[in-house]
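S.K.: Each chain, written out:
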Amino acid sequence: GQQLNQSPQSMFIQEGEDVSMNCTSSSIFNTWLWYKQEPGEGPVLLIALYKAGELTSNGRLTAQFGITRKDSFLNISASIPSDVGIYFCAGPTSGTYKYIFGTGTRLKVLA
Amino acid sequence: DVKVTQSSRYLVKRTGEKVFLECVQDMDHENMFWYRQDPGLGLRLIYFSYDVKMKEKGDIPEGYSVSREKKERFSLILESASTNQTSMYLCASSWTGATEAFFGQGTRLTVV
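Residue numbers (my numbering), protein chains in the order written: chain A, 1 to 111; chain B, 1001 to 1112.
For the record, the hints were derived by calculation from the structure and aren't laboratory data.
For each residue, glycine too, the CB sits at the ideal point set by N, CA and C.
Keep in mind that a hint or two might mislead.
To be verified - Which residues of chain B face chain A? A partial, calculated answer using Cβ under 10 Å:
(1) N1031
(2) G1042
(3) L1045
(4) C1091
Said to hold, decoys possible - Calculated from the model, a selection of chain B residues having no Cβ within reach of chain A, i.e. all distances over 12 Å:
(5) R1014
(6) R1044
(7) I1077
(8) Q1105
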């Protein structure tokens, strides 16, 4: 099935560093969702974005809905060891009930 | 808080067995979904339901069926389990309009 392209695929960073990742699509989305999945668990919704240009924060996480509506960005500031996991972007496809998911960014934080 | 609960975290079943995976949500969501997640393949949609007794095939429905007799409950059925159905199964739900989707904790199924 269709997937959203996420980059980078994986990141190894030092505790305290800031992290940036993005998600791109060839199609326009009206909603962007960001999830975190820890090993052996289901994805947990972090941030939802509904308007082009929107910037939304959730603690140390900040996400932006790209102006073109074809991309979105997630930033994590001052990373800590519990930020480890896989971060997915997702968007509902227009006119259907289905969601398209990103390929995921695997984050590892070194203490 | 939205809660999507899957009945089992881990299951081990034998080839040929009929397997039931249950999912319950407490937010009165119209839409419910079953995905499987495999390394390198991401999340793939098996089936979804937009109302009681209504269902639509996703991208990989072969070997699976579903049941939605009540709004809060969506069951995935493996008619005759095979080893290639060993995977992480994720249930999700959302309101009509396909806004945020909320996931359960996942069921790791191993077919031996």
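S.K.: Now tell me, hint by hint, if it's right for this structure.
M.R.: A quick look at each hint next to the structure:
Hint on B/N1031 holds. Least Cβ distance to chain A is approximately 5 Å, under the 10 Å limit. This hint holds: B/G1042 has a C-beta 6 Å from the nearest C-beta of chain A, less than the 10 Å allowed. A distance limit of 10 Å between C-beta atoms decides the matter here; for B/L1045 the minimum to chain A is near 6 Å, and the interface restraint holds. Taking 10 Å as the C-beta cut-off, the interface hint given for B/C1091 holds, the closest approach to chain A being about 8 Å.
With 12 Å as the threshold on Cβ separation, the claim that B/R1014 sits away from chain A holds: the shortest Cβ distance comes to roughly 23 Å. At the 12 Å boundary, the C-beta of B/R1044 falls inside the reach of chain A, the nearest C-beta of that chain being 6 Å off. Non-interface status of B/I1077 relative to chain A is upheld: no Cβ of that chain comes within 12 Å, the nearest being about 20 Å off. With a cut of 12 Å on Cβ distances, B/Q1105 falls inside the contact zone with chain A, its closest approach being about 5 Å.
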